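Participant: For reference, the chains in residue letters:
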Amino acid sequence: MLFNSLEFIFVFLPLVLGGFYFLSHRELHRLITPWLLVASLFFYAYWDLRFVPLMIFSILINYGFSRLITRQTKKAQTYFIAGIVFNLGLLIFYKYSTFSSVAVSHIVLPLAISFYTFQQISYLADCRQLKQVPYSLLNYGLFVTFFPQLIAGPILHHHEFMPQVLDEKKRKWQSDNFVMGLNLFALGLFKKVIIADQLAIFANVGFENVQMLGWLDAWLASISYSFQLYFDFCGYSEMALGLALFFNINIPLNFRNPYRARTIQEFWAGWHMTLTRWFQDYLYYPLALQFLRSHTSRFYQYLPHLIVFILIGVWHGSGWTFMVFGALHGVALLIHQEWRRQKWRLPALIAWILTFSFVNLTWVFFRAPDLSTALSMVKAMMGLRGPSMGTALADFMSRINLDPLMSPASTNSFATLRTVVIILFALWIALKWEDGKSSLSVIRGAMLFGLSLFAMTIMQQSEFLYFNF
Amino acid sequence: MKKILSFAVISLLVFSALQLGLATYLKWRVASGHWIESVASKSELLKQRHDVKFILLGTSTTQNHFNTLWMSEHGLESFNYGLPGRYWEDFPSILHRFESSKATDVVLNLPVRAFLHPVSCPAFRTLYDFAFFYQLKGFACVHKFNLRHLFPLYSDWPFMGNVFKPSKEYYESVLLHYGTDLELDPRQINYARGNEKRSVITFENGDGAVFADSVRKSPSSRLQMRMVDKSSQALHPEALKFLSLLAAEIQRQGKRLTVVLEPRMANETILINTAQLRSALGPQVNLITNHAWSIPSHHWADFMHLKPVAAQFYTELVTCQLKHAGMHPSCQSSLEKLTSVLP
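From first to last, the protein sequence lines stand for chains A and B.
Take the position in the first sequence, starting the count at 1, then add 1; the result is the number in our numbering.
Take the position in the second sequence, starting the count at 1, then add 10; the result is the number in our numbering.
No lab work stands behind these hints: they were computed from the structure.
Check each hint, because a few of them may be wrong.
Taking lysine to any residue pairs in the SDA-like style, the calculated list, with each CA pair at most 25 Å apart, reads [claimed, not checked]:
id, chain 1, residue 1, chain 2, residue 2
1, B, K178, B, S224
2, B, K347, B, G336
3, B, K12, A, N178
4, B, K112, B, L255
5, B, K207, A, Q212
6, B, K12, A, G20
7, A, K170, B, K13
8, A, K433, A, L230
9, B, K13, A, L254
10, B, K37, A, L452
11, B, K13, A, R445
12, B, K175, A, V421
13, B, K12, A, L14
14, A, K171, A, P35
15, B, K37, B, L157
16, B, K63, B, S254
17, A, K433, A, L355
18, A, K171, A, E161
Since we're looking at a predicted model, the values are computed, not measured.
Can you make the complete structure from the sequences, with help from the hints?
Facilitator: This is the structure in structure tokens:
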């Protein structure tokens, strides 16, 4: 079920919320967790029933390992390693089997597997380090499947979720949370339906016709995708935040205005924050510590960065493009650190332009189906295909998705102008509006919600981009 | 609580204002002759025609096989309610919209294949569809229910894909390859869509025309006529029941029903048990069987649609059949033009 579907907003959500507050009102607290768990499983099964057994299997195995690990017997480390191998094995089998030369074509990537696997690995790691007491199977199941964050994050840490679930005070109606939840949901829906889905038209046409693009087309297509990705994923995350608040649960922010960044470090401090936090806690720190103990050269100081960023790239998918994306960011971060060490400074505007242009360029590798397409796009952006500004894409755009009444008057420049206007609007919002728990007024939130609902009733529904990862 | 209520009221107001705005815009657009191929748009076009006596209901073959201006000039004031991509399971709510029309006759154009299979579930458009299909299939179609379809404008997708403005070269090419002078067509072009290989023209009165040469370019093996004789086989009971429910709705509105079995495809002829169909429909319904005529390949644009010249012959044939409530000796000349093997 999609957050941006009418069934979700007007049927599923009211039913689940109604049940939640009914049980809470009747003091039937023991039934609340099972209720949310069943609702979350239904939410997941609505996509594809086939994926449910795999997720339940993964939850049961991980829960079993967590119980064995927390006994702290001599075999705890073995159980921990076995648990990690199990999780990574599952992920590699489903997600990366197509990366090898022996591609297993019939395997379908189960929805959300990257997210729920990472969440469970962190749980096992914390069990190993005795950072938590074991929860009941039902509570653990809800931690993994809680529907607002199940499909595409934010990647939760159990200590920021479970205490809230177990707190009976959190089960009472709190209208402030509900209002903030509504505003956040409306903001996220607006970003997805009104901005991301509009930009998707130009981005998709551009990336499907890379060979036709002149430099202007290529820049418009790549910037469209950069903003589409941001508004799509940030919109999803804000909807998740809002939904969780309906149940009085605070889940962490996933974006903090990444496109305002003036350095690559600032960018990653605001982009998919829960994923970078996961890599930082469970991979970067252990690796960095290990290298620090055994080596003193600067190379070994930088190596963990590079490894982590390559793995962040690979986490998104099985392809060389993702690896190149991660490596480029890793190298950029190293350059940034050297730059900072030299105490060099750039004017703020130039620093912003450089950072955004670099990020925009790397999204080309992230979006392109293969390396040759990505390189072709980069060539077009650099003007290496000749001085042509390119009208092929605009010509194509002028033919699609336009009101027939407008069509006779529409021209190439009209299509280009339309895209430029949407991009400028997106840029303005990315720079001026605060992500996450913003100070949206009820009036503004309600207007965004009304506008988004209207768009949902007349336009085709589209999935969120991060569902593919 | 006050804030939550304000949120609900304001969002509802914004939503309603936008829906109303778009509905008004679409209405104005249809009034200016710019309809699009959707239920709401064609219904609005029908509403603006007060003289219509015959409504031709069907899918893309209906839209592209009839010249309703010619029919009107020859005594049958008709309206073309053919819609591409809408099959007979989508007809209940469309028929429901005919209630306010003063038309006396509904002409259902159906392919014979429809009677050999169970009826599919519709992509529910309205609550009316939901109730209608409950009579036929109980809850078997409930999974198709989608809240989006309850909004009337959903069915009126306001933006069309692949629309283009016909150029001088396009008109010349159509005249050269298909013998159709679109510039002189009194129906006036609404818009064109498609590409060089296959384009569709829609006219301001609701008609359409297909320009394609996929049949001409097909290998002869693909054009080999396939005869499927199902005339000894019973028609599917669900299809018959569905047709009788559609007929009951039309008769409830006080309109006469004519069922036309559409011309076969370019490479396939299916014979069905028309006697059973006739008896299921009863004496009040007129049945016209055009499904077995041998229409030569040069008349086909693609495997489903006739070229505009052949569509004109077909229009003349059906006009004659409607006037005489079936095949009549005076319709023979139109039939001969349609089935003539000479290009």
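Participant: Which of the listed hints are not met by the structure?
Facilitator: Hint check: nothing fails, all pass.
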